[in-house]
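S.K.: In case you want the letters, here they are:
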Amino acid sequence: MNAVTQPLLETRGLVRRFGGLVATSDVSLTVMPGARHALIGPNGAGKTTLINLLTGVLEPTQGQILLKGDDITALAAHRRVGRGLVRTFQINQLFNQLTPLQSLALAVSQRRGQGARWWQPLGRDAAVARRVEELLHEYRLADVMHQRTAQLPYGKRRLLEIALAIAGEPRVLLLDEPAAGVPEGERQEIFDSLARLPADVAVLLIEHDMDLVFNFATRVTVLVSGAVYAEGGVDEIANDPRVKAVYLGQGHG
Amino acid sequence: MSTPLRPGAATPAAVPPAGAADRSAGIDVRQALRRDARWRWWEIALLAALAASWFGLPGHALLGNEIAILALFALSLDLILGYAGIVSLGHAAFFGVGAYGAALFAKHVLPDPLVGLVVAMAAAALLGLLTSPLILRGTDLTRLMVTLGVAAVLYELANRFDQITGGADGLQGVVIGPLPGGLEFDLAGRVAWGYSLAVLVLALLLCRRLVHSPFGTGLQALRDNRLRASALGLNVNARLVAVYAIAAALAGAAGALLAQTTGFASLDVLDFHRSADVMLVVVIGGAGWLWGGVLGAIAFKLLHDLIASWTPQYWTFWLGLFLVVLMLVGRERLLRPWTWWRRAP
Amino acid sequence: MLTLLFDGIAYGMLLFVLAVGLAVTMGLMNFINLAHGAFAMAGGYATVLLMQHFDLPFLATLPLAFLITAAAGALMERTLYRPMYAKPHLDQVLFSIGLVFMAVAAVDYLLGSQQQFVKLPAFLQGRLDFEAVGIGKYRLFIVVVCALLALALQWVLARTRFGSRLRAAVDDPRVASGLGINVNRVFLLTFAVGSGLAGLGGALGAEVLGLDPTFPLKFMIYFLIVVAVGGTSSVTGPLVAALLLGIADVAGKYYAPKIGAFIVYALMIAILLWRPQGLFVRKGAR
Amino acid sequence: MSTFQDRRAPARRRLLAAATLLSALPLLGAAPAALAQQSDPIKIGLILPMTGPFASTGRQIDAAVKLYLAQHGDTVAGRKVQVLLKDDASVADTTRRLAQELVVNDKVAVLAGFGLTPLALATAPISTQSKTPMVVMAAATSSITQASPYVVRSSMTLPQVTIGVAEWAPKNGIKKVVTLVSDYGPGIDAEKAFKERFELNGGKVVEQVRVPLRNPDFAPFLQRVRDAGAEALFVFVPSGVGAALMKQFAERGLDKAGIRLLGTGDVTDDDILNDMGDVALGVVTSFHYSAAHKSAANQQFVDAFQKANKFRPNFMAVGGYDGMRLIMEGLKATKGAGGVALLDAMKGQTFESPRGPVFIDAQTRDIVQDVYIRKVERQNGQLWNVEFETLKGVKDPGKAGMK
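Protein chains in written order, with my numbering: chain H, 6 to 258; chain C, 354 to 698; chain D, 187 to 472; chain X, 1463 to 1865.
Please keep in mind that the hints were generated in silico from the structure rather than gathered at the bench. Positions of the beta carbon are idealized from the N, C-alpha and C atoms, including for glycine. Hints may be right or wrong, so weigh each one.
What the hints assert, rightly or not - DSS-like cross-link-like pairs, simulated, lysine-lysine; straight-line CA separation at most 27 Å:
hint, chain 1, residue 1, chain 2, residue 2
1, D, Lys-323, C, Lys-654
2, X, Lys-1772, X, Lys-1756
3, C, Lys-654, X, Lys-1772
4, X, Lys-1654, X, Lys-1638
5, X, Lys-1837, X, Lys-1857
6, X, Lys-1772, D, Lys-305
7, X, Lys-1593, C, Lys-460
8, X, Lys-1542, X, Lys-1769
9, X, Lys-1837, D, Lys-305
10, X, Lys-1542, X, Lys-1593
11, C, Lys-654, X, Lys-1569
12, X, Lys-1569, X, Lys-1593
13, D, Lys-305, D, Lys-323
14, X, Lys-1528, X, Lys-1809
15, X, Lys-1769, X, Lys-1528
16, D, Lys-323, X, Lys-1718
17, X, Lys-1854, X, Lys-1756
18, D, Lys-305, X, Lys-1718
19, X, Lys-1593, X, Lys-1633
20, X, Lys-1794, X, Lys-1654
What the hints assert, rightly or not - Derived list of chain C stretches under chain X, where covered just means 3 residues or more per stretch with a C-beta under 8 Å from a C-beta of chain X:
hint, stretch
21, 444-450
22, 550-561
23, 591-597
Go ahead and model the full structure; you've got the sequences and the hints to work with.
M.R.: Now the structure itself:
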């Protein structure tokens, strides 16, 4: 019950420096269960750095990261995933030699704690197989499931990128510009897939595409040069003149 | 003609027409995945050929034995090179430990070959575990050098402690007992060959299971993209350590086979050229493909024997030429993008 | 034991000249060229043959050795190496080791497998004795020559136009070519000079290291150590690494003959564990 | 499906597989063929390092064997003698395998060659198991002949040649010596033998240095020697390596420092002696063969050899030449039969070799020969090991000690 009151993901005074440059300065952020939280800001505002800090790709110089109340600041990246903190990447990070089928089967097996099994073929487990099947359909990958990822059209790869994250059954999902580079024609599929995300999953969305942000998010945090510049409901932010000035003013898309 | 060969995806039936995703509901994922692990006719044929060779070519038992051992060694390297993407110029380290392990065990403890084999594999695996931290960090060049260094260090140690290893003169007086069923190793080497073949085939079956399992797929995944692999929750380092140890054990087995079937071990088992040769074998046969090691070994040894019998002094020239041409021309097997070789994008 | 230290330095200097070309080409083209030693061997044989058949004086043959191997290097770069740049490292390793095999067998076939010898001019033989310290004249000569070369290289890289272009190309070929630098030409020149230096090193080293067809294989590992430890992004890196290696090797053999080589490899592993990218690297190496 | 199998064009894979299988076929044919004809020619299995660091050994012996057959004809008891030359690249388990194949498949009457100790030792069990005599033409560790009762040696043992200089030195006022040997069987033999005999004669070995078999730079080792302050340095290194050592010996100024260089003949190997230059002058070695040995037999041998090859015969060559003689004479006696009969026929042979009078001790199956003290001198423009003292009929002390 306190899951409702207690933030799912929380950062306290997060700081990351690269030499002299401060990429993330004193960011304190809370993401509530089931939130649709967007993180926006001009290029170089340190959005991706923040994600990397959250997921453990980078170590913070100062500050704390809490997941469901426990401190995960020092936790290895793969362990955070185990705890339900899952991300997608701005630039596709896929397994070029594997097929969507294999990639997803691996992801699901891993999630079900079968990732290290070596004695039985991939996807022998019925439950795993079923889940893979669902994902293949849900993310429109069934028709290409046997093609090598390297050979898929970009849109499909983007879907796979997201599907892989979903396969991790996240409690908190960090989407790093999911629509980045996706041609207009294929964007719809992405949006739909995002709309279908389970309601109880908390989503932290980084995006340039304002339409997407305003359709999708309920809460928005504006990051400028590494620090939280403004935070609030979609409308507040949309109408906040300061935000307009620093961000929307520059034009977007 | 090539349709029966080309498995799964390639045959039109297997791929539902694009956009038909929803109608294709009920695709049996397990079947689809099982297809990857399915035995193909040529695999069976190769196994049969291996067996047949033992009956058909009694006169070449010794060569056959060496080939079987080299194939096993190559298989082990392929596991880390082709599947997990770890480059190594020092794989001989494990081969050597296996060889000396088996020889010393037989000499001082127990002449039984099978026990010796297990002991040798355990020793090699242990070394694999101990040295695995070295291959987790750094660039390919670093890895090449460190692995190479480990082998070199072992070489020097074996040379240094000659009262144990026999130093440069080799370890003499190793007597290997009979295999179960009282099979003595005979001069013609047929028993030895059978023994090595059996071990090789077992290893092949094991590796086959391994690479088609979630674990094996995970290896290929982290070879392609470590960042994402860990983003899926894979403990990348743990996987690398594990596979490195397994490969080490297999290499150790190969070494043990050599020591047991020749009743002899010399510094040469740790020598650089072992590591280089096995690398060549894997590449000739094709990396990232279990059978590559076997075919590579056969091709390499026969090539060597053919050329060497024709011009003993200069056969390396032709081997070199072969390599250069092979690499210049390139092959689809090698042109495969090895993302782990490149600068991070 | 100063004499020892000096020997170490001489040996290290030699290794530096032999390996620096490899370091630069590797840093520049990200190409692992195991055949580097073959060029060194070529240089050595060039000197020997020039002295034997045209009885040129030793000193006169040195620049020739440089030029000949440099030319050979340029030729190979154009014809054989360039297509390999795009290929994965594994291919490059195997390609270049193939070249080594060919070189070894070919030299063996043409000139026989026996050791070759350089007849040094009288004034380079023997040694100078300052009370405790005895210094081989030839080693002194090596140190001087190599030191000069090192300085020259440093100067070229730091001061000249070519140097800046080279550094630009190392940093990022794409950007460099964007700046209108003819990267191919830079590559070609660098490779040629690198090979030339190796050849010169081989010529200088023939006396100390011995020269026979297996030379490239025997010393390949040492070169790689120098490069791996020194890093591929500077001249100082390989220099320090080479000196370190030289001194460690000599001292190791002096104080613990049986495990001399052991020390070298152990040292290398230790350093690479501590600095996987080598001692001196700009960030963001491969 | 699309694991790696799938992405590689199956056609290629099939091709590769097929090719491998096909390439095996000729072997299939070869096997029976080999059995069929093995009765007529007498086969001699000659295993030598023709490639790798010790290729020169193989080169020398191969040439000598050919020379012998050319001079003395290659037929015995009306049957042709066929020498099967195999290259082991001085890799021990290859040597062993080749020997095994020669015995099993080619049914050779005798095995011969063996460039280095490990290679011979690795093969000894085969000759025992198959009762095939094995003529060691080069490897020089004393213990080899004990490794199998079928081993006969036509080269020498290191203790045998070492004691020569160990006798000579003390007589010529050399009392304090440092030994430097390659760190493997023969080297250790030499070190041991020298120390024993030298100190027996009132000398003193002040320091013993062992250098790894393959190492680029002698400087540090020689520096050690210099610092040990001895009157002379005794050296054993495998032929070929010696040259580099001698150059550095001079370059260290050890000669100027009045240190004499002693050694076994390996150091002043005839094969490369000429290229060593003046640094080699005056080096005193003791050995069983010098190309400059004054005898008709040797004159004729050396001339014939140099006519046939572009290099000078060294002790390896003479080892091969005499080894071949042992075999051929043995075969004559046994009417071409191999095995134990041949072994016995080779034991006890006595003859005049280019190196001088030699004979095969029936007990030890090892060679007994004269050992010469030689000094490197320049004669008509070339460097030669000139013999100036002779120890008659030296047995291998290594064994004398044991029995």
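S.K.: Indicate, hint by hint, whether the structure satisfies it.
M.R.: Hint check:
| no. | hint | verdict |
| --- | --- | --- |
| 1 | Lys-323/D / Lys-654/C | violated, 49 Å |
| 2 | Lys-1772/X / Lys-1756/X | holds, 22 Å |
| 3 | Lys-654/C / Lys-1772/X | violated, 33 Å |
| 4 | Lys-1654/X / Lys-1638/X | holds, 16 Å |
| 5 | Lys-1837/X / Lys-1857/X | holds, 23 Å |
| 6 | Lys-1772/X / Lys-305/D | holds, 21 Å |
| 7 | Lys-1593/X / Lys-460/C | holds, 24 Å |
| 8 | Lys-1542/X / Lys-1769/X | holds, 25 Å |
| 9 | Lys-1837/X / Lys-305/D | holds, 21 Å |
| 10 | Lys-1542/X / Lys-1593/X | holds, 22 Å |
| 11 | Lys-654/C / Lys-1569/X | holds, 23 Å |
| 12 | Lys-1569/X / Lys-1593/X | holds, 11 Å |
| 13 | Lys-305/D / Lys-323/D | holds, 14 Å |
| 14 | Lys-1528/X / Lys-1809/X | holds, 23 Å |
| 15 | Lys-1769/X / Lys-1528/X | holds, 13 Å |
| 16 | Lys-323/D / Lys-1718/X | holds, 14 Å |
| 17 | Lys-1854/X / Lys-1756/X | holds, 15 Å |
| 18 | Lys-305/D / Lys-1718/X | holds, 19 Å |
| 19 | Lys-1593/X / Lys-1633/X | violated, 46 Å |
| 20 | Lys-1794/X / Lys-1654/X | violated, 39 Å |
| 21 | 444-450 | violated (count 0) |
| 22 | 550-561 | violated (count 0) |
| 23 | 591-597 | violated (count 0) |
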